[in-house]
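With the hints as constraints, model all of the structure from the sequences given.
There are 2 protein chains.
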Amino acid sequence: MTTPRPRKPPMKETMTLGLVQHACNHEPSDNIKKSIEGVRSAAQQGANLVLLPELHSTRYFCQQELIDNFAYAETIPGPTSDRFSQLAAELDIVIVASIFERRAPGLYHNTAVVFDGKRGLIGKYRKMHIPDDPDYYEKYYFTPGDYESEKQGFQPINTSVGRLGIMVCWDQWFPEAARLMTLAGAELLLYPTAIGWDPQDTDIEKEKQCDAWLTVQRSHAICNGLPVAACNRIGFEPGITTRNTTNTPPPKAPFPKEIPAQKRNTPSGIQFWGSSFIAGPQGEIIALASDKADEIVVAKLDLTHSETVRQTWPFLRDRRIDAYGGLLKRYRD
Amino acid sequence: MTTPRPRKPPMKETMTLGLVQHACNHEPSDNIKKSIEGVRSAAQQGANLVLLPELHSTRYFCQQELIDNFAYAETIPGPTSDRFSQLAAELDIVIVASIFERRAPGLYHNTAVVFDGKRGLIGKYRKMHIPDDPDYYEKYYFTPGDYESEKQGFQPINTSVGRLGIMVCWDQWFPEAARLMTLAGAELLLYPTAIGWDPQDTDIEKEKQCDAWLTVQRSHAICNGLPVAACNRIGFEPGITTRNTTNTPPPKAPFPKEIPAQKRNTPSGIQFWGSSFIAGPQGEIIALASDKADEIVVAKLDLTHSETVRQTWPFLRDRRIDAYGGLLKRYRD
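Protein chains in written order, with my numbering: chain E, 1 to 333; chain H, 1001 to 1333.
Hints were generated in silico from the structure; no laboratory data involved. Please note: incorrect hints may appear among the correct ones.
Said to hold, decoys possible - Covered stretches of chain E, going by a simulated chain H footprint (3 or more residues, C-beta under 8 Å):
1) 163-177
2) 183-194
3) 198-212
What the hints assert, rightly or not - Using C-beta positions, here's what the derived DEER-type ranges look like:
4) E:202 <-> H:1300: 18 to 26 Å
5) E:329 <-> H:1075: 28 to 36 Å
6) E:311 <-> H:1033: 33 to 41 Å
7) H:1146 <-> E:267: 47 to 55 Å
8) H:1037 <-> E:316: 37 to 45 Å
9) H:1083 <-> E:267: 53 to 61 Å
10) E:151 <-> H:1083: 38 to 46 Å
11) E:147 <-> H:1333: 16 to 24 Å
Glycine included, C-beta positions come from ideal geometry on N, C-alpha and C.
Given below as structure tokens:
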């Protein structure tokens, strides 16, 4: 027998979603100040739901595997969590923040945290898919989110503005995750993100990567008939940082053109590509931030429109659940 | 214990893929002639694999539910199948055709059929997801493809040019299907297609729909790290056809603008949007046909490039198969 899940709250017809795209440096207090100012600005522009980038309190420390970086981790609740909880109460809005969570000594997660007005901290989501590739050494830091039963893993969070399907960055490349959130009643999908270019890559390769990132997430909107938004960080962060490092790109390295940056061992830093966006349920771009600067993006969403779109494109009706067993395999060999 | 499946043939490094985008009318012999001419032309341009549109031997008869239309169905092998089998042998190429299959009296499928040079008919795929919405009454005509065990359903077909993940039209909207083909070793995905605009829709709506169609399929390429191609039909086909009907659009109907075409009961026909395309494993468009005319699209594909892309974006490594059980449910309620 299935444990009853919380009833879906009455659907709001519209919500106003704000994204706070900002750069981060080596000083957490600077970053938190920026995040707070961004949330205030979005709220002033009418947002009742505000999404921040992934790990917005720190520089993107996962560019190296350094034991010292575990010092950035915090419990939830904890100081950063309390700060955003107070802010959500003060502004009477929903805030989705992102925290390097210390769950226990030696056990850490990459966690999105939801604060709902005066209710404060109401839920969290621990990143389920963890990347690991040059400049993104996340498997060193983050334990993947739990899955012990249907009640855990890819569960939307009920808030006063709607039922939010919150995931984190690398999750955005997995159609399975978007579908599971949809099937659990998510009304929109939200992804705090930290993704960018290797400055050594060609312009063509850079465009291909950013476009692929947008395309995959717009596709989740289309296949599932709901709005999707991602909030990314922006700006250059050097690969080897010290307290004195300035956030300026290194000079162009003399690598031969034919060796992709991914195959080199010299970290060249990450140029985070911003491009935070809000897409509607047909995958149409409603709002898009630049790839160059801090930016607040605000857009109104009509959540009832999703059902009309799903009636026009009835994909959920036709899924061949009898034939999808192979999705639970690593490979069908 | 799992029944052993045929071993994958040695991977070819490159293949040349041709798409034959063409219009169809009420006269099957005209359409077959067009298909054959298109295949010949693609082969002359170097294609060793040629994909035809969905149900290319007939007009898109699914615009109405008419019992007479079952007369279009043929067995496989049968006359149309034999014709393309001979053509594949003559040109020594692989052809993917699409046939309204009569499997038994009263049992019909929408089937993609593969012919491989002198080996002739080597495999088929019966459309798994069947649409049904105004102007596309396919559930009346087509039984969905079988799934009784892992060996059936979403199985690629080994050919002399590679292991082909062939699906049909509506299947293209389901990320589950693309993933299953990938996990079974498909080296590229191919979709014979018949999709178009309701002439009554606004230009904005039309653009949104065609863009969504492209976006979803490019997303399959990205998420799965392999090339994807679709071959669509082109041209206007009226909603109510007789032997005397010409393929010209009806005059603009006086519907109020605010009622979407999907909600009206007057069939206004379909303007098939062509836009047949070939995308690479990062979702990049390699070749794209127009939305206005018959067109042969030919492009060379380097199949070994997919593995490099998958190493750079290692999505297959990180799937949370422990947490995907909900994908086998209709809804997680």
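Each hint tested on the structure:
Counting residues of the region 163-177 of chain E whose CB lies closer than 8 Å to any CB of chain H gives 6, so the stated coverage by that chain holds, three being the minimum. Restraint check on the region 183-194 of chain E versus chain H: 3 residues with Cβ-Cβ distances below 8 Å, three needed, restraint holds. With a cut-off of 8 Å between beta carbons, the region 198-212 of chain E has 4 residues touching chain H; three or more are needed, and the interface restraint holds. Between residue 202 of chain E and residue 1300 of chain H the CB atoms are about 21 Å apart, so this pair conforms to the stated range of 18 to 26 Å.
A hinted range of 28 to 36 Å for the beta carbons of residue 329 of chain E and residue 1075 of chain H is consistent with their spacing of about 34 Å. For residue 311 of chain E and residue 1033 of chain H, the Cβ-Cβ distance of about 40 Å falls inside the hinted range of 33 to 41 Å, so the restraint holds. Between residue 1146 of chain H and residue 267 of chain E, the C-beta spacing of about 52 Å keeps the proposed range 47 to 55 Å intact. Distance hint for residue 1037 of chain H and residue 316 of chain E: a CB-CB separation of about 41 Å, consistent with the stated range 37 to 45 Å.
Separation of residue 1083 of chain H from residue 267 of chain E is about 59 Å and conforms to the stated range, judged on CB atoms against 53 to 61 Å. Here the CB-CB span from residue 151 of chain E to residue 1083 of chain H is close to 56 Å, at odds with the stated 38 to 46 Å. A hinted range of 16 to 24 Å holds for the C-beta pair residue 147 of chain E and residue 1333 of chain H, which are about 19 Å apart.
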